[in-house]
Amino acid sequence: MSNPDAETETSHDMRAALKRGSRCKCPSCGEGAVFKGYLKVRSECAVCGLDFTPQRADDGPAYVVILIVGHLVGFSLPVAFEAFRDNPLLVACLLSVVAIALCLVLLPPVKAMFVAFQWAKGLRGFGRVQSPAAVTQETRCAEGY
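When we follow my numbering, the leftmost residue of the sequence shown carries the number 1, and every step to the right adds one.
Heads up, some of the hints might be wrong.
[Said to hold, decoys possible] List time: in silico SDA-like cross-link candidates among lysine to any residue, alpha-carbon distance up to 25 Å:
no.	residue 1	residue 2
1	Lys36	Leu123
2	Lys121	Pro78
3	Lys121	Asp59
4	Lys121	Ala33
Read the hints as simulated data drawn from the structure, not as lab findings.
Kindly generate the complete structure, drawing on both the sequences and the hints.
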């Protein structure tokens with residue numbers, strides 16, 4: 001039998017968390033930034049104190065971005081070749097620039113959504129504390145963070 005207290009401890013609104021992640025904001029409060037650089041995840045939220053150290057986004061966001069950009073560029077390739085039939089080098093250069101730009105634009109929000117997904121599901125240690133406000137330095141030391 002499942003423990004209802006354990007379920008409420010790690011159950012968060014997935015839709016709200018992913019929406020906040022798509023804006024590169026904290027999945028818990030929606031105000032603090034997830035990143036301190038382009039893709040470097042902060043150690044904790046500056047607003048609510050949510051500990052981001054358990055996150056492990058790794059290569060997942062890059063795979064998703066490549067999948068999305070590959071489909072967008074791949075499906076636009078025949079249209080572009082038809083429109084610029086006389087100059088295939090222009091098509092290659094144009095689509096290369098578009099693909100690189102799309103990857104650079106999509107990677108941060110997708111990575112933040114991976115962090116938000118892990119938080120909402122209580123994965124990778126996000127479910128160890130009941131609320132972000134309850135995280136203190138003593139709690140982190142006691143739990144081995």
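Checked hints:
no.	hint	in the structure
1	Lys36 x Leu123	holds (22 Å)
2	Lys121 x Pro78	violated (40 Å)
3	Lys121 x Asp59	holds (19 Å)
4	Lys121 x Ala33	holds (20 Å)
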